[in-house]
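Trainee: Residue numbers (the working numbering), protein chains in the order written: chain A, -18 to 639; chain B, -18 to 639.
Hints in this document: simulated from the structure, not taken from any laboratory.
Each hint should be verified, as a subset may be incorrect.
The list treats identical chains as one, so a pair stands whether inside a single copy or across any two.
What the hints assert, rightly or not - Within a straight-line C-alpha distance of at most 25 Å, the following computed DSS-like cross-link-like pairs (lysine-lysine) qualify:
(1) LYS449 / LYS495
(2) LYS449 / LYS133
(3) LYS495 / LYS248
(4) LYS495 / LYS635
(5) LYS495 / LYS133
(6) LYS449 / LYS314
(7) LYS593 / LYS495
2 protein chains.
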Amino acid sequence: MSKSKKNKLRGLLLGAGFVAIAAFIFTGCPSQQGMMDRGDAAQKVYVAPGDHDEYYGFFSGGYSGQLSVWGLPSARFLKVIPVFSQDPETGYGYSEETKPLLQTSYGFIPWDDSHHPHISQTDGDADGRWIFINGNNTPRIARIDLQTFETKEILELPNTGGNHASSFVTSNTEYVIGATRFSIPYEMDLDVPIDSYSDEFRGALSFIEVDPESGRMEMDFQILVPPYNYDLGRAGKGQSSDWVFFTTYNTEEAHTMLEINASRNDKDYIAAVNWKRAAELVREGRGTTMDAYYYHNYYEGNQGIAINDVKDQVTVLTPEDGQDFIYFLPTPKSPHGVDIDPTGEYIVAGGKLATVIPVHSFSRMLEAIENRDFDGNVENIPILNYDTTIAGEVQDPGLGPLHTEFDSRGYAYTSVYISSEIVKWSLDTFEVVDRIDAYYSIGHLMITGGDTKNPDDLYLVGLTKTAKDRYLPTGPKQNHPAQLYDISGDRMELLLDFPTIGEPHYAQAIRADKISGNVAQIYEIEDNDHPYAIDRINQNRVERDGDVVRVYMGSTRSHFRPDNIEGIKVGDTVYFHLTNLEQEWDVVHGIAIKGANNSEILVAPGQTKTMKWEPKRTGIYPFYCTAFCSALHQEMQGYVRVSAADSDVELTWKTGTN
Amino acid sequence: MSKSKKNKLRGLLLGAGFVAIAAFIFTGCPSQQGMMDRGDAAQKVYVAPGDHDEYYGFFSGGYSGQLSVWGLPSARFLKVIPVFSQDPETGYGYSEETKPLLQTSYGFIPWDDSHHPHISQTDGDADGRWIFINGNNTPRIARIDLQTFETKEILELPNTGGNHASSFVTSNTEYVIGATRFSIPYEMDLDVPIDSYSDEFRGALSFIEVDPESGRMEMDFQILVPPYNYDLGRAGKGQSSDWVFFTTYNTEEAHTMLEINASRNDKDYIAAVNWKRAAELVREGRGTTMDAYYYHNYYEGNQGIAINDVKDQVTVLTPEDGQDFIYFLPTPKSPHGVDIDPTGEYIVAGGKLATVIPVHSFSRMLEAIENRDFDGNVENIPILNYDTTIAGEVQDPGLGPLHTEFDSRGYAYTSVYISSEIVKWSLDTFEVVDRIDAYYSIGHLMITGGDTKNPDDLYLVGLTKTAKDRYLPTGPKQNHPAQLYDISGDRMELLLDFPTIGEPHYAQAIRADKISGNVAQIYEIEDNDHPYAIDRINQNRVERDGDVVRVYMGSTRSHFRPDNIEGIKVGDTVYFHLTNLEQEWDVVHGIAIKGANNSEILVAPGQTKTMKWEPKRTGIYPFYCTAFCSALHQEMQGYVRVSAADSDVELTWKTGTN
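Just chain A, same shape as in the assembly:
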């Protein structure tokens, strides 16, 4: 960038009054203090061929809409799990089985912005059964099964605009939470002027119940709250495990140019919600049922086809329904993260425009509530006194503290965006004890085993926003970086710097042995209840019902049956139902057909997947196996003949007779 351009930008930003941001922009290359000795670092991150990593890392995809899986400490990229976005690689969102997962009250949506993965918990510890992740744009929560590493369920959230404070679970996964980042009118489809914001718009906090056996989610209730932006949330731990906490910004209730208009108040709030009490009120019938329209998509049994369960009601609570389940903690200034330490005592805010890191005390909060020590209320939500609940303020934390995680030794680690560093501080003294640069503009961070009662003390991953010169250049947009730090000693030490996929807004890492032993290697063919599956290769056939043709196809190394099909006509809708009859781990077949307006389908051992094809032109169409499956993979092909709509070519299929 030329100097004149830099100056132009500087002027533009100073003009807007954001000196701090300008400071960020002109961050050069920080010195490499805290960089471990090269040899030691190399050894620490090296996982030899054939050896396994110590941790699974689950990184949100951000604007990719997916969840990516990494091995740590090697930073091996293991897999992308498609969640909210179409994935041509696997046929997710293209196959008939998976398309229903992406249905919403707005129709089929091929994309979302996935932010915060959270592993299911038992007694405050990650249990490795499922991982939840939120869709921010068209508000949803997804559940991924960690036996198969597949998305099994997506629930849409009504009354919500931007589900950002999500998808965090309570200590025994009783609930997974969501909340409005952008307040909107509650009444469905209400057409009102945008400047009716304060009157007509509302926020909503969502409490989704999770079935302890199946993991199935159900919207239990929502709490209607003032029209602020609810930014992030976390459940309490131990003593505070009946509570969840949400940060707010835009208590100014601005609806335009929030950059300025939502940055005026010195303090916004943390909303503290006693979810157990709120649930009791709902059980007592204190909530109201209101009209709503949202989709709940999931798999039922072993049919392997996602279904749509369309909902038309939701139970809502307002603060008036009981004045004992939601409180506001004043917190400086447009806070972002809200993080609870492993003991459940400290509620740490990332006051992104604040000059300190404010730390609230849960026990003081309870005491103030007990004493009804309030400073008024907003719409029946009691406001606590900052001085009463605050346990301490971390001084000199750098510019723009965002997120905090904790080790087991009483230290907290906060990402600081504008000054681009990680700050380690003591939960005992609230004093900074170490700081280290991040490359560049760190947003989020995570600690192995983090956001549980029992974090591990080994590694911290910083998720930074701008790569610039960190790696070989790949054009005007570089992938977002991550940095791996060793936090086992007194000082943080930088081990590794690696680009990620999409834009990870949060990540969780779990000890590998909590998952690896339960991972499925195949789908048992005898359990395959797909209505169009075949369970033996000689059941292959083609059936016509009017314009609909169904190909019941099987794959084994190295052929499809059938592999020659005639009698398809222009105007037909053809479904290729491919059952992969392999029963060996990682032996996958795929099928693609020339000219199809669709992705391939990729079929794991024992699964059935369906590709819809509507041929528009007569002719001969080759199809083939898309996954190199055997020495004779190249020979795994076939042909379909498509005739004119009025043709009398008979429907026939065969394999093997040349």
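Assemble the complex: chain A is given as a structure, and chain B must be docked to it using the hints.
Mentor: What follows is chain B alone, placed relative to chain A:
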């Protein structure tokens, strides 16, 4: 897998007569011979934070349809470049600018299977200007610009079924080649029985001219050839640089169960084509023009919107048009790869069912042609004598040799699929000098600087097909592995094992300094000729033309202008034309709108991208920036009000007045 299942599979496979494949299946975990000392290996692959890799590695995506970029030797994943498949992460194939790239004669296709990346060459050396890659399923070739790392052009190939022997370039990128893997009838849309194969089906070899300045491709001519499967191809080097070579299998002309029916002949052919002579014949008017229907999609100037150029003719040559430009070299047995050594003298086949690696001599081939030493012909293509052209056969190469690359010291390295190993042999003695295990079932391999006149001698990457237990398990389907070997010494040594993206069928690695200095950091806003761009923020506006509403929107840190829009109606088609006015490297903005049946658009500095939105329901729709761009990124949001189709709400827009 249980023992009984193993036995079941064994029976199934032995039943089919493929002992060799069964042998592969029961490959356990090979011993780690050739594994470098752990400490040395760790040091060799460690690229410290802030340091850059020595090589760019470009890995095909296979069934992902994309191209991924890796740093070597660290195996850092740098980026996915979307090519043939929709990419929700970047809006590729969803934005109005990029959708035309995925148009074909079959309509819009969201996916393909990308196989063989090949970097443009000057004088036989990779020059780092562009990289080409083929789409196998709906036959196409794409060109990616290595200044911006973006797909700039896609050309569909007529008369082709499965463009697998592609997209290899000649020594000065005069041509990029393609070929039919699945022969099909030439006559467009011809409806004939599949068993008319030998009469009605034909192969085609495609020669696409590349403009030396712009890189723009044009279909120059096709050569019509017998209905075999044309598997892989390569251009000659140095002395043989006027020639290209293609392997064939299925000279049996089978159209069903090729696993058996196409594996009968002891020898198939390598087709040797003198492209310079063929091009002369075309210039002399010896070709024929035939009807065809195919799309050529590219960007023109700096408008930033891909256009569709629909073609209706192609020039074809048949062997009868001159008997001096195409020859068949008999080659055992269903050969896969055909690779030319750096001197251009040796033509090495991967005889995938052969017991040897056959090596033809280019000079002997020329001599035999000169002497008209032929063993008959097929459809006017002279067949050379195996004994005349063969320079040697590598004995005991393992089971299933597939691909070969070369170092500069006279050694060749062949991937061997069934016995899952890499075999190093001497081009002098044709003797195996080293072998090393691959994990598991190696398909392809590449050497840094490979397939050029001047390969580097540092690293070899093996691209294997099955991960199984190599990494932490991630379900019934694991990502495909790659292994990095040090080949600088006498013995190959395994350094690293890392999972890849999609299924890489080939990769190329180039010295980083051949590309890195030319990479664009921004798009210059003054060069942005997009018809809906704005070049200053105060040009933002909203315009209605009938049912079409165009939002001319600008983004800077940390707001959109406009950010409040009213007067949109149900039934409108709304185009958000977002110009990112940033002019700083890696400062990206994105936009998403709640409920849109589309992906986000992600906009690099200086670019304009367009999201189409057809709101179906009235109400208030939040939109926001999807890329964490600044300390006040969370505040970068806005609202659109959608009214009923018959509403009289006026079209208005604003920013900043609350």
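Trainee: Under the constraints set out in the numbered hints, which ones does this structure not fulfil?
Mentor: Numbers 3, 4, 6 and 7, in rising order.
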